[in-house]
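Student: Here the protein sequences line up with chains L and S, keeping their order. Note that our numbering has the first sequence beginning at 1, numbered continuously upward. Note that our numbering has the second sequence beginning at 1, numbered continuously upward.
No lab work stands behind these hints, which were simulated from the structure alone. By construction, the Cβ of each residue, glycine as well, lies at the ideal position given by its N, Cα and C atoms. Check before you lean on any hint, since a few could be wrong.
[Said to hold, decoys possible] Selected chain L positions facing chain S (Cβ under 8 Å, derived; list incomplete):
#1 T43
#2 A47
#3 K53
#4 G54
#5 T55
#6 T59
#7 A156
#8 I182
#9 P183
#10 L265
[Stated by the list, open to error] Derived BS3-like pairs (lysine-lysine); straight-line CA-CA distance at most 30 Å:
#11 S:K276 to S:K112
#12 S:K112 to L:K53
#13 L:K53 to S:K271
#14 S:K271 to S:K106
#15 S:K204 to S:K276
#16 S:K359 to L:K53
#17 L:K164 to L:K211
#18 S:K125 to S:K262
#19 S:K204 to S:K326
#20 S:K161 to S:K315
#21 S:K345 to S:K276
#22 S:K283 to L:K53
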Amino acid sequence: MATKFIKYENALLKIANQTILANQATIGVEASLQPITNVTGSTIRYAPAAPIKGTLSFTHYCTGSFHDFLNPITAIEHTGEPLNGSLGGVQFASGYVRSLSFDVQPFQPIVFQSQIDIYGELTQLSDDGDEDLDRKNLPVIPEDTLIGHGLRSYLAGDDLGVNKKVSFSYSASADRNPVVTIPNELPYRVTKENVMISMSVEGEDFGDILKVTGNQAGVEIQVYDVYGDSAITQFGCTGQIYRNNLSATAGGYIQGGLSLSQEFLTGKAEV
Amino acid sequence: MIINSGINNINVSAFELGNNYSMFDVVYYSGFTDGGSENYATQSQSGHYYYTGAAATSSASNTPPSANSPWTQKFFFESSYGSSVSYKNSSYDNNFGDGYYSYLSKSENSLKAAFSVQLSKRSDKEAKAAVHLLEDSFNKGPKPSGGYTGIYWTPFSPYDKEHEFYIENIENQLEYPNVNNISTVFYDETQSTTDWQDFFIPFKNTQGFFKIGEDYSRDDIVYASGSSYTNYTSGWYYYTGLDTTAASASNGPAANDSLWVKDTFYFDINKGIQFKEAPRFYKQNFPNEFYIRVDDGINKSLLFLNFILRGRSDKEAKSILHFLEKHRGKDQFRFTPPAPYNQDKVFVCPEWSHTLNFKDNNDISVKFIEQPIDYITRQVTFKSLITIDPYIRER
Numbered sequence: 001m002a003t004k005f006i007k008y009e010n011a012l013l014k015i016a017n018q019t020i021l022a023n024q025a026t027i028g029v030e031a032s033l034q035p036i037t038n039v040t041g042s043t044i045r046y047a048p049a050a051p052i053k054g055t056l057s058f059t060h061y062c063t064g065s066f067h068d069f070l071n072p073i074t075a076i077e078h079t080g081e082p083l084n085g086s087l088g089g090v091q092f093a094s095g096y097v098r099s100l101s102f103d104v105q106p107f108q109p110i111v112f113q114s115q116i117d118i119y120g121e122l123t124q125l126s127d128d129g130d131e132d133l134d135r136k137n138l139p140v141i142p143e144d145t146l147i148g149h150g151l152r153s154y155l156a157g158d159d160l161g162v163n164k165k166v167s168f169s170y171s172a173s174a175d176r177n178p179v180v181t182i183p184n185e186l187p188y189r190v191t192k193e194n195v196m197i198s199m200s201v202e203g204e205d206f207g208d209i210l211k212v213t214g215n216q217a218g219v220e221i222q223v224y225d226v227y228g229d230s231a232i233t234q235f236g237c238t239g240q241i242y243r244n245n246l247s248a249t250a251g252g253y254i255q256g257g258l259s260l261s262q263e264f265l266t267g268k269a270e271v
Numbered sequence: 001m002i003i004n005s006g007i008n009n010i011n012v013s014a015f016e017l018g019n020n021y022s023m024f025d026v027v028y029y030s031g032f033t034d035g036g037s038e039n040y041a042t043q044s045q046s047g048h049y050y051y052t053g054a055a056a057t058s059s060a061s062n063t064p065p066s067a068n069s070p071w072t073q074k075f076f077f078e079s080s081y082g083s084s085v086s087y088k089n090s091s092y093d094n095n096f097g098d099g100y101y102s103y104l105s106k107s108e109n110s111l112k113a114a115f116s117v118q119l120s121k122r123s124d125k126e127a128k129a130a131v132h133l134l135e136d137s138f139n140k141g142p143k144p145s146g147g148y149t150g151i152y153w154t155p156f157s158p159y160d161k162e163h164e165f166y167i168e169n170i171e172n173q174l175e176y177p178n179v180n181n182i183s184t185v186f187y188d189e190t191q192s193t194t195d196w197q198d199f200f201i202p203f204k205n206t207q208g209f210f211k212i213g214e215d216y217s218r219d220d221i222v223y224a225s226g227s228s229y230t231n232y233t234s235g236w237y238y239y240t241g242l243d244t245t246a247a248s249a250s251n252g253p254a255a256n257d258s259l260w261v262k263d264t265f266y267f268d269i270n271k272g273i274q275f276k277e278a279p280r281f282y283k284q285n286f287p288n289e290f291y292i293r294v295d296d297g298i299n300k301s302l303l304f305l306n307f308i309l310r311g312r313s314d315k316e317a318k319s320i321l322h323f324l325e326k327h328r329g330k331d332q333f334r335f336t337p338p339a340p341y342n343q344d345k346v347f348v349c350p351e352w353s354h355t356l357n358f359k360d361n362n363d364i365s366v367k368f369i370e371q372p373i374d375y376i377t378r379q380v381t382f383k384s385l386i387t388i389d390p391y392i393r394e395r
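The following block holds chain L by itself, in its conformation from the complex:
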């Protein structure tokens, strides 16, 4: 792979044929190798112990409909996965979404953070992807682009006991385990296990007193852009509040916080 210096503006990130307006992206893979030494200490060879695996992590703004394939709780196995894509002319063919998270802060645009597990070798697009029309046509953020924003996005649900929310965050993650069969190098299936949704909310209070069994709560985040009349997307969490905290700092004000967690079932296959 040739050394290249591609400017950020030209480093196109595409996943599932969708152009992503990312402000940061990293892609990398690694081979899992096990050195095999003989009785004299000489290395006989390096044996592969697992598929080539890597991660594509990126942060991006939500500038339109949220891409469902980036949501670990909606991208059910075998629907849309494996995801293919490229970053700066480097291409991957087997991507599986692992996590999504974002913070909603006052007066701040919402930045989504995504992680996608990648299996198999990376390949190089011809001409580093120069011929990709999406790259040629990609404008710098246009002035009228709508971006999910903390100004109007809100948290719905009254189970929390917090009336004035200052900020909140959302995270959905899953364990993705490859299933590789003999004699293959690539997984024919990547399971989705232990799917968890976690949220934290900060506000003027920490809500109801925490019980030993936790407090049940169901909330939904409505993501809006600054001017839009309808939500760009929603993220829900129906689980147990398991942590309360209250803090005060000189020059500040008392701020409460709580954490909410849900073990999420992405759906059982029909048999």
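Chain L is fixed; fit chain S onto it per the hints.
Tutor: Just chain S now, kept in the frame of chain L:
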């Protein structure tokens, strides 16, 4: 309730025309109705079938027993890494004193292999099909004679030749929704070591017969015989050369200082091998826990080695396994243990096990037992009288 569906813990539907079937669907087939006319299956055609192809709508042309049908009754599930194969030779051990002993195989198919198959993290649908097929194997057979037929399965490489296997148990762990771990052990007790070509590693997975002019590389396996070879020197050979070499008469198995070996275990040993010696002696027990130790003849400390050949490539693993198969769990071979035990000794390997960790990553654990007398080069005369079947002779 489906008539004649056998005794299974998993219910399945009957095959019908016009249904959409996809991978891992299971049906019971006893015929079909097509436009009001009944098409009954023969007894041999009836039974459970498993869908192996791309999703399609069933029609009269792709019924389970039809030619090139996507349905099968064979075990077609792909094994996961972590699966293993264990070999053991059943023998009578004759001890003659002074460390002399012999292994007498209990039969000509005394070397047995057990295939431990893991189907890890399978979907509910695949798990259902796999468990059903395994369960149903106990129901098949030429009734009412009593016996039942096994499961036809082509194991993973390098054992990829179809055999009829039997299982004795099934384990299914429901790890997570839509994530199941299934394991079983396949047995085939009918393979005979009298078959010079195939055992579980088929002839097609070797380089075949040695040929002048052919390029050979390390760990290649050939069968050499012909006018240049005696009864003793003909047989299976393994190439130890590091570089790929074109075969000629001067560097073939029959040549002096050849890089081909027949009865020498030349494979590298990993570090970490342990030597545990327990020399033989008599211990006389007198009152008050007073002992007298008495010498027990010669050959007192024959080596008994258990070690693992780790992280071997698929090619080297095949060569090791073929070498061990062809020594049948009872035939001697030469092996030089690492220093300070580095003398040329003879061993037998009655047990070994092969685990497939990943592609090109195999572990082979072996049990080597030293023998006091080297009879590898001893000429064996075949004195049995072979007669021609009178029926054949008269034809």
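Student: Look at each hint and say if it fits the structure.
Tutor: Cross-check of the supplied hints:
1. A hinted interface residue such as T43 of chain L counts as satisfied when its beta carbon comes closer than 8 Å to some beta carbon of chain S; here the least separation is about 10 Å, so the hint is violated.
2. At its closest, the beta carbon of A47 of chain L sits 3 Å from a beta carbon of chain S; the interface hint therefore holds under the 8 Å criterion.
3. A cut of 8 Å between beta carbons decides the hint on K53 of chain L: the least distance to chain S is about 12 Å, and the hint is violated.
4. Given hint, G54 of chain L at the interface with chain S, is violated; its Cβ is 17 Å from that chain's nearest Cβ, farther than 8 Å.
5. With 8 Å as the threshold, the beta carbon of T55 of chain L stays out of range of chain S, its nearest partner Cβ sitting at about 20 Å, so the hint is violated.
6. Of the supplied interface hints, the one on T59 of chain L is violated, with its beta-carbon coming no nearer than about 30 Å to a beta-carbon of chain S, more than 8 Å.
7. Proximity of A156 of chain L to chain S is violated relative to the hint, the smallest CB-CB distance being about 28 Å (cut-off 8 Å).
8. Nearest Cβ of chain S to the Cβ of I182 of chain L: about 4 Å, under the 8 Å cut. The hint holds.
9. Because the closest C-beta pair between P183 of chain L and chain S is about 5 Å apart, less than 8 Å, the hint holds.
10. Hint status for L265 of chain L relative to chain S: holds, with the closest Cβ pair at about 6 Å, below 8 Å.
11. Simply put, K276 of chain S and K112 of chain S have alpha-carbon atoms about 27 Å apart, close enough for the 30 Å limit, and the pair holds.
12. For a cut-off of 30 Å, the pair hint linking K112 of chain S to K53 of chain L is broken: about 38 Å separates their Cα positions.
13. Only pairs whose Cα atoms come within 30 Å are accepted, and K53 of chain L paired with K271 of chain S is accepted, the gap being roughly 29 Å.
14. At most 30 Å may separate the alpha-carbon atoms for a hinted pair to count; K271 of chain S and K106 of chain S exceed this at roughly 35 Å.
15. The straight-line distance between the Cα atoms of K204 of chain S and K276 of chain S is roughly 39 Å, outside the 30 Å bound, and the hint therefore fails.
16. Between K359 of chain S and K53 of chain L the CA atoms are separated by roughly 15 Å; this keeps the pair inside 30 Å, and the hint holds.
17. Of the pairs offered as hints, the one joining K164 of chain L and K211 of chain L holds, with about 22 Å between alpha carbons and a cut-off of 30 Å not exceeded.
18. A threshold of 30 Å between alpha carbons decides the hint, and for K125 of chain S with K262 of chain S the separation of about 48 Å lies outside it, so the pair is violated.
19. For the suggested pair K204 of chain S and K326 of chain S, the alpha carbons sit about 15 Å apart, so the restraint of at most 30 Å is met.
20. About 17 Å separates the Cα atoms of K161 of chain S and K315 of chain S, which keeps this hinted pair within 30 Å; it holds.
21. The straight-line distance between the Cα atoms of K345 of chain S and K276 of chain S is roughly 17 Å, inside the 30 Å bound, and the hint therefore holds.
22. Among the hinted pairs, K283 of chain S with K53 of chain L is inconsistent with the structure: their alpha-carbon atoms are about 59 Å apart, more than 30 Å.
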